[in-house]
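Undergrad: Starting from the given sequences, assemble the full structure and let the hints guide the process.
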Amino acid sequence: MKLRDTLTVYRKELRDALRDRRTLVSMFLVPAVIMPAIFFLFGTATYQVVKSAQAQPPVVAVLGGMDSPAVKAALEVQPGLVVVPAPDDWRERIAGKRLRAVVEIPAGFEASLTEHAPAEVRIYHYEGEFKSGYAVGELRRFFTELRERTLARRLEERGLPAGFARPFDIRTENVAPPEKVGGNSFGGFIPYLLILLSFTGVIYPAIDLMAGEKERGTLETLLSSPASRLDIVLGKFLLVLTVSLTTVACSLLSMTVSLVVGGIAMIGSGRMAEQLSGAAKAGSALPSLDPLGLVGVVVLVLPLAVLFAAVALTISLFARTQKEAQTYLAPLVAVVILPAIAGVLPGVELDSTLALVPVLNVTLACKELVSGVWPWGQLALIFGSTCVYAGAALAWCVRMFGRESVLFRS
Amino acid sequence: MIRTVPMIEARHLTKVFRDKKRGEVRAVDDVSFTCEPGRIYGLLGANGAGKTTTLRMLATLIAPSGGEAVVAGFGVATHPAEVRARVGFLAASTALYGRLTARETIAYFGQLHGLDDARIAARTAQLAEELGMGDFLDRRVDTFSTGMKQKTSIARTLVQDPDVLILDEPTLGLDVMAARGIVRFVRECRARGKTVIYSTHIMSEVEKLCDRVGIIHGGRLLAEGTLDELRERHGERDLEEIFVKVAGGEGVV
Ligand SMILES: Nc1ncnc2c1ncn2[C@@H]1O[C@H](COP(=O)(O)OP(=O)(O)OP(=O)(O)O)[C@@H](O)[C@H]1O
Ligand SMILES: [Mg+2]
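Residue numbers (this note's numbering), protein chains in the order written: chain A, 1 to 410; chain B, 1001 to 1253.
Bear in mind the hints are in silico, worked out from the structure with no lab data behind them. All values reported here derive from a predicted model rather than from experimental measurement. Where is the CB? At the ideal position from N, CA and C, for every residue including glycine. Careful, some of the hints might be misleading.
Unchecked claim - So the derived label-pair ranges between C-beta atoms look like this:
id, chain 1, residue 1, chain 2, residue 2, range
1, A, 409, B, 1232, 24 to 32 Å
2, B, 1132, A, 387, 47 to 55 Å
3, A, 51, B, 1139, 57 to 65 Å
What the hints assert, rightly or not - Result set (DSSO-like, lysine-lysine): computed pairs, CA atoms no more than 30 Å apart in a straight line:
id, chain 1, residue 1, chain 2, residue 2
4, A, 323, B, 1021
5, A, 97, A, 72
6, A, 51, A, 97
7, A, 97, A, 2
8, A, 323, B, 1020
9, A, 2, A, 51
TA: Shown next as structure tokens:
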């Protein structure tokens, strides 16, 4: 191996690539557009939903309650809700999202409060619909308070202490770092994008540098030079890797810029979630990333990019034409996307077995990393195994490049 | 005549491809010939005769399945890097990098041959002068005509000033004028002492250029010698007649 020859090939391929519009697009333009777009979509969509739920209180209707005017009146002035008379087709209206929820006050409700008779307040809603859920939350809060007040009054009437009907309290408290909450939704998406872009980044140059050179007929000439096949293939590999890593770097840059420019300080603090305290739960959908974790993500993506570059180059090497190479590489996108998607699915957690599954392991680790969690043992296993796969793929690529039945397929 | 050490020597060169559809293909079968220094050896054959395969073995691109070849004093199987350093190879399907300029193309191959920048600059100037490339040297190759591309290809083949030239159908696809230019240039190379092996299916080029001719057909070298020897042996003046006779007949050597 002669480093000089490897660098000669690398420099030539770099110059060639920088003059190629398609490489430039996949290297600079795609990350520059995709990242802000994703942030914009996720950020503003979530923000809008939360904000509009607050700005425009959900419309709810009351069924019954003719003989409970006090409760009804209290409900009507309850902030955060707009109460309208129940129309006949209220069920359809809920389904049609024109009405968010309907509360049914049973007959004789107020009387039952003083008479100690059991009663049931029923809330009809649209399961899983954000605004309907919000309305249910508000209604539930109203009636819970009413129940508490009623109970307190009853206890007082009998001269019992407030703790009589409530022997103990149950409290849940989140001890995961606040970022962790975000890491499971949006945070997990960022590294996934980086992984995807590090792969899409290799496809075009890999096709161009191997199948393309074969198809155009320049490969034979290159092979007739004194440079060894090892040096040639390494030079090409380095270029593909460069394009892939540049794509990742541009994505990170573009992400940072969109964060700063967007003025949404999503990194780390989750400040937006706090501001929107009224819908704090919705805040978990907001992006929040641990910047240090992002560094860890990049470290894990490095060997993965090597793996991608080597595999794509080898596959492209087997193809006779660029079209053929595309046909081989296109399904591979799915192979990369599937574990990545499996990784962002809730419930799939990192363990020692999954730590050995290429791509999936990095995705899962990234999910932890952006949440500020560093499972060192598994990270070492993931980094190590990815390096081994990457090394094996590169060795395979070099081996195939030395094989004339592959280089001169007819 | 004093016998010189041959610059190119093929001994029982054989190449068998294992093809999925056709099974075993003997693309080159027991081919032996020699080419003295400063001579042009013509390899004449129809499509699929085995010319490219033979030349690829001489250029160490593919390994012989049998036999051996010595080029510029080195065995193709034992010292491929040394052979490649001394050979300028022009493939039939040769092409150039469209996004590089002619100068960059020549420099790239100069660097791969280990030349320093000063030497590359000097060679580029010299070759551009000889081939008449001055006005398009710094233009991108994808804007070139076929003739300009072929000149660029030849320049990059010669950048390291090789002792041996292996030219696989160098006039393929060129118009008459461009082809004549190439033929003239190859003759000039011989005048400067280069050894050339030249494959073609065009009889007139062989007649104009070659000191010795090998007629290859179905992977076998069916006839070999100087043009005069071949004419005498087959009792024909016209090379085409000789070719048809040899290729049509059975194993006439
Ligand atoms: N890599 C390969 N795998 C299988 N068969 C091959 C391969 N290369 C060449 N052949 C076969 O070997 C035979 C000789 O081919 P070759 O390319 O050497 O002929 P040629 O004389 O150069 O012909 P042409 O004038 O078409 O260039 C043909 O039958 C061809 O199909
Ligand atoms: Mg040929």
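Undergrad: Next pair to validate is residue 97/A with residue 72/A; report whether the Cα-Cα distance is within 30 Å.
TA: Judged against 30 Å, a Cα distance of about 23 Å means the pair holds.
Undergrad: Against the 30 Å threshold, does the CA-CA distance of residue 2/A and residue 51/A hold or violate the hint?
TA: Not OK: residue 2/A and residue 51/A at ~62 Å, beyond 30 Å, violated.
Undergrad: Verify the proposed pairing of residue 323/A with residue 1020/B, using a straight-line Cα cut of 30 Å.
TA: 21 Å, holds
Undergrad: Is it true that residue 51/A and residue 1139/B lie within 57 to 65 Å of each other by Cβ?
TA: 59 Å, holds
Undergrad: Run the distance test for residue 97/A versus residue 2/A: straight-line Cα separation, threshold 30 Å.
TA: 69 Å, violated
Undergrad: Do the Cβ positions of residue 409/A and residue 1232/B conform to the proposed distance bound of 24 to 32 Å?
TA: This hint is violated: roughly 43 Å between Cβ atoms.
Undergrad: Range first: 47 to 55 Å. Now tell me if the beta carbons of residue 1132/B and residue 387/A are that far apart.
TA: 53 Å, holds
Undergrad: Does the alpha-carbon distance linking residue 323/A and residue 1021/B stay inside the 30 Å limit?
TA: Answer holds: residue 323/A to residue 1021/B is near 22 Å, not above 30 Å.
Undergrad: Holds or violated: residue 51/A with residue 97/A, Cα cutoff 30 Å?
TA: 18 Å, holds
The structure fails to meet hints 1, 7 and 9 from the earlier list, while all remaining hints are met.
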